[in-house]
Each structure stands twice: as C-alpha cells, then as structure tokens.
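Asks: Produce the entire structure from the sequences given, and follow the hints as far as they go.
Chains A and B supply the protein sequences, listed in that same order. Quick note on numbering: the first sequence equals residues -11 to 287 in my numbering. Quick note on numbering: the second sequence equals residues -11 to 287 in my numbering.
Keep in mind the hints are simulated off the structure, nothing from the lab. Some hints could be false.
Identical copies carry no separate label here, and so any pair may be met within one copy or between two of them.
Below, in silico cross-link-like pairs of lysine to any residue (SDA-like), each with a Cα-Cα straight-line distance of 20 Å or less [unchecked claim]:
1. Lys227 to Glu117
2. Lys53 to Leu87
3. Lys169 to Arg261
4. Lys102 to Leu245
5. Lys102 to Asp238
6. Lys102 to Gly244
7. Lys102 to Pro247
8. Lys227 to Leu16
9. Lys102 to Ser162
10. Lys102 to Ala242
11. Lys102 to Gln133
Given the structure is predicted, the values throughout are model-derived calculations rather than measurements.
Protein chains: 2
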Amino acid sequence: MTDRFTGVITPLLTPYNDDSSIAFDLYLDHAAGCLADGAHYLSPFGTTSEALSHSVRERIDALEKLVENGVARADQLMPGTGLCNLEETLTLSRHAVELGCAAVMTLPPFFFVKASDEGLYRYFSQLIEGVGSDALRICLYNIPQNTGIAVSPALAGRLNDAFPEVVVAYKDSSGDWDNTKAVIEAAPGISVFPGSESVMMRAMALGGGGCISASCNTNVAGIRALYDTLRAGDDEGAKALAPQIDAHRDAVQAGGLIPGLKGLKARQTGDARWLNLRAPLMPADPALAGPLADTLARL
Amino acid sequence: MTDRFTGVITPLLTPYNDDSSIAFDLYLDHAAGCLADGAHYLSPFGTTSEALSHSVRERIDALEKLVENGVARADQLMPGTGLCNLEETLTLSRHAVELGCAAVMTLPPFFFVKASDEGLYRYFSQLIEGVGSDALRICLYNIPQNTGIAVSPALAGRLNDAFPEVVVAYKDSSGDWDNTKAVIEAAPGISVFPGSESVMMRAMALGGGGCISASCNTNVAGIRALYDTLRAGDDEGAKALAPQIDAHRDAVQAGGLIPGLKGLKARQTGDARWLNLRAPLMPADPALAGPLADTLARL
Chain A
-11 MTDRFTGVIT PLLTPYNDDS SIAFDLYLDH AAGCLADGAH YLSPFGTTSE ALSHSVRERI
49 DALEKLVENG VARADQLMPG TGLCNLEETL TLSRHAVELG CAAVMTLPPF FFVKASDEGL
109 YRYFSQLIEG VGSDALRICL YNIPQNTGIA VSPALAGRLN DAFPEVVVAY KDSSGDWDNT
169 KAVIEAAPGI SVFPGSESVM MRAMALGGGG CISASCNTNV AGIRALYDTL RAGDDEGAKA
229 LAPQIDAHRD AVQAGGLIPG LKGLKARQTG DARWLNLRAP LMPADPALAG PLADTLARL
Chain B
-11 MTDRFTGVIT PLLTPYNDDS SIAFDLYLDH AAGCLADGAH YLSPFGTTSE ALSHSVRERI
49 DALEKLVENG VARADQLMPG TGLCNLEETL TLSRHAVELG CAAVMTLPPF FFVKASDEGL
109 YRYFSQLIEG VGSDALRICL YNIPQNTGIA VSPALAGRLN DAFPEVVVAY KDSSGDWDNT
169 KAVIEAAPGI SVFPGSESVM MRAMALGGGG CISASCNTNV AGIRALYDTL RAGDDEGAKA
229 LAPQIDAHRD AVQAGGLIPG LKGLKARQTG DARWLNLRAP LMPADPALAG PLADTLARL
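Replies: Written out as structure tokens, the structure reads:
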C-alpha cells in the first residue's frame, strides 16, 4: 500500500430474518446506503455486525453477496476475519484476499487471555505467512473488553516493523485514548482508527487514519463531513460539527449500541426485522426506537 | 440419563507434530493410557486441549479417530462443542450426538461478555432445540476467566428445570468454591464437576459428580483412587491420598498447566513433539520438564 490507509469505515450491521438467517435484502440496501452517504469503506463482521455469531460459511457468503450484487467493490471492503483458531482465520483471510478486499480486520485469538505478546506475535506471523500473499493488508483489531486480551502498542509496532507492507492499520475499540495515542506513537507506520468518531479529531491531529465506528451505520454522512473538514485542516469547522455527531452517538449508545442502531434502522425503514439480534444478544425493544428516532430528529 | 452422570474425566491434551498438525499417534496412545489408568470419560477439546485453537473440521476428525481406532467407545467421550456462534456449535453438538457420545461440554458464547442470563438462556434453548435429539446431554462449561462471561447458578438451575433430561452437568473451572457450591444448591438435578481434584472431596460430600481436571492427563490413577475412596465413604482414606494428589497438581501448575503437562508427557514418552503448543501459546520449555518429572518422582 503506497498510500496510507485512511477514511471513514462502517462496521456494517447484520440484519436478520425472523428465523435468524441473514436478511440479505436489508443487508444489501444498508450497505449501499452507507457507501452512498459517504463511507470510504465497509467493514462487514466487526463487533457491531455481531460477527462472532456467524459461521465461517455465512461470513464468506455475505462478503461475496456484497460484491456479486454490485453493492460494493471488493476494494471498498475490510471484513473481520479474526477467530480464536488459526485455520479458520486463515480461511477467512485468504478468501478476502482472493476476493480483492482492501484489507482484513483481525482480532487477536481471544479466549487465550493470558497469551504473551510473544505468543500473539507468533500467531500473527503464522497468519501472515499462511496467507502468503503480497496483497494481504491487516488492520489489527483491539477490543480488550470483549476479547480479554489487548493488542499492545509494542506488539503493533513490532508487527509493523516486521511486516511493514502487511500490518498497516489498527482499530482501537478500547475506548482508552491513552492506548490510541500510544499506538500512534509506537507504530508510526500504522494507520490508527479509533472505534469512536468522538476522538477522531484528536487522533487525526496526531496522524490517525479516520475512524471505524458503530454510529457510521446511522450517521455516516455526518461523520464523513467531520472527516473531510479535518482533512481540510478546518478545525473551527470541525468543532462546529462535533456536537451533532456526539449527540447522535450518545443517543444510540443510550439505546445499547447494537439494539439502539437496529431500533433506529427499524424505525427508519419501517421493517421490523431490523429489531432482530442473534442470541445471546436480545432483540431490540421497539418501544425505545421511537423516542430514539425523535431525539435524533431534533438534532 | 437415568443414572446420574458421575466420574473422573480427563480433558484430553492435544499433541502436535512440528508442523502444528495433530499428532494422532501420540493422541491415541495418550487417550488409551488415560482410560487404562482409570478415567471414566475423556473430554476432548476442553481448555486443556487447546480446544479453541482448532477448526470445526479438526475437532470432528479427532473425535472420529478416537472411536474408529477403537481407543474409546463413543459413550466414553464428552467432547467440548462450545463456540461463539450457534451454527458451528450445533454442527459439533449434532456430530457428537450422532456418534453416540455420552454428553457434550458447552461453553457459553464467549466474546459476548455483556450478555444477560436471559440472552444465554435463549442461546442454550436454541442449541437444544436445534440439535433436536433425545440423546443430547449437555455439561455447561463455566470458565469465566477465559470467556469473560459466567454460567450463573441461577441459569444452570433454570436450564435444568426447563430441560431436565438434557442439561445434566456443569463443569466449574472458575476455581471459585462458592460458585461450585451455589450451583450444587441451585441445580440439584445437575451433576457438578469442579475443574480441580483439590475440591472434589468437598464437592462430592454435597452431591457433586466427581471432577474434570487438567491433571487427569498425568495423574488419573491417583485421582481415580481418590474418587473411588470417596464413593466408598472412606473419608480417612481420602485424606491420606490427598497430599500426593495436591502436590502433583501444584507441580504441574507451577509449570504453567498446559506447558507443565506437556513437558511432563515429553519427558515420560521421550517424544519431543509433546513440547509443541499452538500459537498464541508458546512451546513448553524442555528445561522445566526434567525438574518437574523429578519433583513428581519424589512424591
């Protein structure tokens, strides 16, 4: 990657039919809408996508459907590919590379919460060597509150040093600004994406890549406007945009993030299937979707 | 299951060749040895087995090899089947039922660390209905230090009430005796297996089922003797056996549990492949295996 990997990236919600299968009609419409509203990339199968509630087969199928139906070009996609085991992480990552995806977003092997940085380095090295393609680009995915194990700034720096053309990005969903800042400093070759637009301004001021945020599912136009304003160096303009964006995020988060986003989509599309989440998560409460939509309409 | 599910259960180590594939020659020998030394059941693909470092395909294959090679009868097996997603957990659980396994040992869908008991109940209900077989027996697998989410005593009780013929056991690897005791009290229909032989005496006194312990890989004869002594009501005999058993466990734990067990197996068998662990874990240190074997020889 000669150009630095930057932009506003939507970790795509996954809508379900009432039998819990993926509702592809809603999925493709939603993906198309996010791109039309300004997302640079889509990231199917992040945490907001309920990624870990899907089989390998379902993930491969959904990714292909986005491309085959002409909703997204493969180079607009950065699918999540990280599982606990190397074989299936390789399967997903190879598939994404063969499809022509821009990058893959890869969790550390969770469950192994006591693994050392040395062990994680060993794992990611085996992944990179296993894929064995010059086209592979990896965005390390740090979300220790769910995985129980962090991708440390030192590990990110070491991986970027060893594989500068491959390990090119880091998504930080820790919500810990000190960590975000430490990765930017420890791995200057890496594009760091905070998991929230609320710190995008601070991150981009230090060289961060943009953001990969759940609320890009419902407010990507606003977030893209903020991004463009920051890229243009218009800090005053950015400050003017921030309150609407923060208020949107706060409102969705108050709805429980995924249920909040899905409730809002149900309200906006009039399709109650958007209320479905897979177990162990619970369906979104339609009674909350109305007030949420009203709150956002006032913004 | 008319009889209560009880016994000493070995969560089977998984040995690897130097290319990280499963070393089936060592695996089958080890499984046969555990049964010959007194294990009532084998549990392939628990945490000690590095379960989450294996693909669905590898787990199915290994289970079939144990049966096809005549090493274990299917009704001596309780494989781990719990992943984060329902579809692949169903695949593994259905396969185990079709093979004729005694039970399956199932993690809650980890990664979803904020899931409610209601959400977990929904998940396990969908699993049980999805397998749709009277032959299904589930051992709930509680290891919150790795999964980030506990199977609460109340949830165990509720599942046993709703599915009394299916949800018949609970493995408690939390190391929290208060939780073990609370499950025995909240779910009297369930057979509770502590994850350590060190509390087997206390658990069995309250009606617990035995134990499922990592050290059954290297000390199953000793643990079986303790179990038989407790079943015979010989508390004095049990107290006499306990120090050797606790010392064995302490020594293996000091070696880092899985690396400790594998290091000891490498020393005992003279086969250095036993030192291999899959990333993100690191290989066992052969320099520690010698002193560990010497410590155990002195016991």
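Asks: Against each hint, give a clear statement of whether it holds in the structure.
Replies: Going down the list of hints, with the structure as the test:
1. Proximity of Lys227 and Glu117 under a CA criterion of 20 Å is satisfied in neither setting, with 44 Å inside one chain copy and 53 Å between copies.
2. In this homomeric assembly, Lys53 and Leu87 come within 20 Å of each other (Cα to Cα) only inside a single copy, at 11 Å, whereas the closest approach across copies is 35 Å.
3. Taking CA atoms no more than 20 Å apart as the test, Lys169 paired with Arg261 passes in neither setting, with 39 Å inside one copy and 42 Å between copies.
4. Within a single copy, Lys102 and Leu245 get their C-alpha atoms only as close as 28 Å, which misses the 20 Å cut-off; across copies the closest is 12 Å, which meets it.
5. In this assembly of identical chains, the alpha carbons of Lys102 and Asp238 lie at most 20 Å apart only when taken from different copies (19 Å versus 33 Å within one copy).
6. In this homomeric assembly, Lys102 and Gly244 come within 20 Å of each other (Cα to Cα) only across copies, at 11 Å, whereas the closest approach inside a single copy is 29 Å.
7. When the C-alpha separation of Lys102 and Pro247 is checked against a cutoff of 20 Å, the pair qualifies only between copies, where the shortest distance is 13 Å, while the shortest distance within a copy is 31 Å.
8. In the homo-oligomer, the alpha carbons of Lys227 and Leu16 never lie at most 20 Å apart, since the shortest distance is 33 Å inside one protomer and 65 Å across protomers.
9. Taking the shortest alpha-carbon separations for Lys102 and Ser162, both the intra-copy value of 18 Å and the inter-copy value of 15 Å come in at or below 20 Å.
10. Only between protomers do Lys102 and Ala242 lie at most 20 Å apart by alpha-carbon distance; the minimum there is 15 Å, versus 32 Å within a single protomer.
11. Taking identical chains as interchangeable, the C-alpha atoms of Lys102 and Gln133 lie at most 20 Å apart whether they share a chain (14 Å) or sit on different chains (10 Å).
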